[in-house]
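Novice: This is what each chain is made of:
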Amino acid sequence: MDSIPSLHRRTKALASTALEAGTIESFTVVHHPPAGFGSESYTVALIKTQSGKKVLAQLTRESAAAAIGATVTPHLRRIRTMHNGLFVNDLKYEVVTKKTEPLFTVTSYVLAVSGPSGVGKTTIARALLSLFASVAEQVPIYTTRHAKKTDVEPYVHVSKEQFDRMITSGDIIASTHMPSKTETRSYGYRRKDIEAIWKRGKLPIVVTEVHLLQGLVKALGRRAILSCGLLPPGKSRRLMLSSLLHRLRTRGRDTEEQIEERMKVAEVDLRAFADHAHLFDHLLVNDQLETCVETIREIATMKR
Amino acid sequence: MRETVYVLGGGQTRFGELWEKSLSDVIQEAVDAAITSTGVMPTDIDCIVIGNMVGGETAGQAHLGTFASGLLPHHPPALRVEAACASGGLAVHTACALLESNRAETVLVVGAEKLTDVAGDIVTSALMHAADNEKDAPSGLTFPSIFALTATAYMHRYNLTRDDLSLVSAASHRAATQNPYAQFRKEIPAASISKSPLIADPLRLLDCSPISDGAAALILSTKKESGVRIAATQLASESLSLVDRPSLTSFGSTKTAFLKAMKEAGWKQNEIDCIELHDCFSIASLINLEDMGFAEEGQAIRLFKDQDTESQGSLPVNPSGGLKACGHPIGATGVKQILDCYKQLTNQAPNQVKNARHALAHNLGGVGATCTVHLLETV
Chain H
805 MDSIPSLHRR
815 TKALASTALE
825 AGTIESFTVV
835 HHPPAGFGSE
845 SYTVALIKTQ
855 SGKKVLAQLT
865 RESAAAAIGA
875 TVTPHLRRIR
885 TMHNGLFVND
895 LKYEVVTKKT
905 EPLFTVTSYV
915 LAVSGPSGVG
925 KTTIARALLS
935 LFASVAEQVP
945 IYTTRHAKKT
955 DVEPYVHVSK
965 EQFDRMITSG
975 DIIASTHMPS
985 KTETRSYGYR
995 RKDIEAIWKR
1005 GKLPIVVTEV
1015 HLLQGLVKAL
1025 GRRAILSCGL
1035 LPPGKSRRLM
1045 LSSLLHRLRT
1055 RGRDTEEQIE
1065 ERMKVAEVDL
1075 RAFADHAHLF
1085 DHLLVNDQLE
1095 TCVETIREIA
1105 TMKR
Chain X
288 MRETVYVLGG
298 GQTRFGELWE
308 KSLSDVIQEA
318 VDAAITSTGV
328 MPTDIDCIVI
338 GNMVGGETAG
348 QAHLGTFASG
358 LLPHHPPALR
368 VEAACASGGL
378 AVHTACALLE
388 SNRAETVLVV
398 GAEKLTDVAG
408 DIVTSALMHA
418 ADNEKDAPSG
428 LTFPSIFALT
438 ATAYMHRYNL
448 TRDDLSLVSA
458 ASHRAATQNP
468 YAQFRKEIPA
478 ASISKSPLIA
488 DPLRLLDCSP
498 ISDGAAALIL
508 STKKESGVRI
518 AATQLASESL
528 SLVDRPSLTS
538 FGSTKTAFLK
548 AMKEAGWKQN
558 EIDCIELHDC
568 FSIASLINLE
578 DMGFAEEGQA
588 IRLFKDQDTE
598 SQGSLPVNPS
608 GGLKACGHPI
618 GATGVKQILD
628 CYKQLTNQAP
638 NQVKNARHAL
648 AHNLGGVGAT
658 CTVHLLETV
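Here the protein sequences come in this chain order: H and X.
Mapping of the first sequence onto my numbering: position 280 corresponds to residue 1084, and the numbering continues sequentially without gaps.
Mapping of the second sequence onto my numbering: position 58 corresponds to residue 345, and the numbering continues sequentially without gaps.
Rather than coming from a laboratory, the hints here were simulated on the basis of the structure.
One should not assume that every hint holds.
Computed far set for chain H versus chain X, every beta-carbon distance over 12 Å [claimed, not checked]: (1) 933; (2) 941; (3) 957; (4) 972; (5) 1047; (6) 1074; (7) 1075; (8) 1080.
A short, non-exhaustive set of chain X residues, derived as facing chain H with CB atoms under 7 Å [stated by the list, open to error]: (9) 412; (10) 440; (11) 488.
We put the beta carbon where it would ideally sit given N, CA and C, even for glycine.
So here's chain H without its partners, still in its complex pose (with noise of 0.2 Å):
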């Protein structure tokens, strides 16, 4: 368990792992840990998730008390340290208590994150629907794309006719074209799916870009958004761009020459957070996704 590679297992298989509630079927407080996991105890439970899978994942220690038949949503944490001092993080479930349920009601708005490649949209975007299992749904993407394994995006997949008939029709209300080498991508939402994440009376969250924005806030209003900006760490601008490209060449997802492309398209979307200042309610640093989510999740269940 305590080697690069197998560690490099776990984490590929996390990232395809579904993050689903599940309810507790057994439990223990490990009052000896073993090497790595510190020296506190905690809880270890088995749980059966939504699906029918079953996991044996610690709680977290904010968590409420275990019981067995207790409702528990998963969260990505630091779990333990390695031989060589990294840092491993693993899911850890939360039991989910009436105090813990997010106490917002959803009143017609949207959350959208939004910032350059490579800043960790999507994995906050995961750590957030995971956090808010119950009441937020992300809003599917239409695009002229073509699928690709390593999508991790609710994309749906529409030719370039379909596209554009949908955008003159009125269904789509935000679009941007992305020139590339092979071929211009268009992405856009569609009224009809974020109305219908309303009525189910969940809160629609868009992972997104700057020009999607605009349309968003043209079709909704500028209130219908909450949105928050995400910028990479570092000091200067030259600092960020550089952090995003460590980013994007470790994650593994695109060819030398799509970041190259991405890094351009990153320089003018952080340019877009002072062109647009308006656009954005709230600019985030995420240097560390557990402070970064905790932060959107207090800024969305704020009263507004």
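Since chain H is already given, all that's left is putting chain X on it; use the hints.
Specialist: Coordinates of chain X only, in the frame set by chain H:
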């Protein structure tokens, strides 16, 4: 059984924290004791099977088959087998397979483990290798906490109380006062067990079998006869991880191995005179007794409350003191259980069960992931 396999006898070291002895010392001591007590000529042994789990991690020694072979003047062929805590039972099972297939006529079976040479952390992590490394370990579970998960579920489901659970370990400690080879020879009242430090809630220190060193050896033969033979030897498996199990309060491997063994021997349930049971944790005793049909689900604690499990009771369980009080040098346990059954059937046991003719040895690996059941009878 395709051949009649006789148990010629055996020997063991005392179990415990044997700081003066190395892994090779305990193996040698047990082998010497087995050869001396049976009077078998070492050169008559034509194969050795040794059960051991963590020799590599805790004693820096793998390749134990050939090591044991070197103890005999003629270097017979030898092999090591491993099935976590059921390594000993698996060694006996493997020896029977060799004997039944006429690969060998007289086999020396050894079980050995040396745990106390290294720090607690290393033992903890080595013992965790008995569980699923990808499904169980990443959450920070230790081996006792896996059994604690079964205990929580069992206590919740059947309303078993803490004080009742303590009766199980108390019975083992009471029996071990009579066993000169036991690690703990002191009676411990149930009330103290309920108050011992928590290891993995709800399991406390005195619910858990200890970390021990020790070895046991047996000699089995199809050529030489004795008053005791093996009536059945069965091995069964169940999913390695609890997450793949249909139930947390039952071990499928115990059920399967027991049913197949009873069928193989042609015994009836009420013929069993005594049981050496794998009580690695108090909760395991209850679950195993139910899985083998000696009690209804959730009712095994009644056997302890009514003192049926005492050596003069209707169903003597662990008259030796079991893993809890004798100690649990992992690979040695399964071999030592057969030795204890042999002693019962030849009237040489501490806490001798009167007129014992049928004995059962039940050895578990992991959280009931592997099980061996051996049935022994007088000829």
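Novice: Next, verify each hint and record whether it holds.
Specialist: Now the hints, each set against the structure:
The beta carbon of residue 933 of chain H sits about 22 Å from the closest Cβ of chain X, which is more than 12 Å, so the claim that it is off the interface holds. Interface exclusion of residue 941 of chain H from chain X stands, the closest Cβ pair being 28 Å apart, more than 12 Å. For residue 957 of chain H, the non-interface assignment is confirmed: its Cβ lies about 27 Å from the closest Cβ of chain X, beyond the 12 Å cut-off. No beta-carbon of chain X comes within 12 Å of the beta-carbon of residue 972 of chain H; the shortest separation is about 51 Å.
Every Cβ of chain X is farther than 12 Å from the Cβ of residue 1047 of chain H; the closest lies at roughly 29 Å, confirming the non-interface assignment. Every beta carbon of chain X lies more than 12 Å from that of residue 1074 of chain H, the smallest distance being close to 37 Å; the non-interface claim holds. Residue-level check passed: residue 1075 of chain H sits 42 Å from the nearest beta carbon of chain X, beyond 12 Å. At roughly 43 Å from the closest C-beta of chain X, the C-beta of residue 1080 of chain H stays outside 12 Å, upholding its exclusion from the interface.
The closest approach between the C-beta of residue 412 of chain X and any C-beta of chain H is roughly 6 Å, which is under the 7 Å cut-off, so the hint is satisfied. Hint on residue 440 of chain X holds. Least Cβ distance to chain H is approximately 4 Å, under the 7 Å limit. Because the smallest distance between the Cβ of residue 488 of chain X and any Cβ of chain H comes to about 4 Å, under 7 Å, the interface hint for this residue holds.
In summary, the structure agrees with every hint in the numbered list given earlier.
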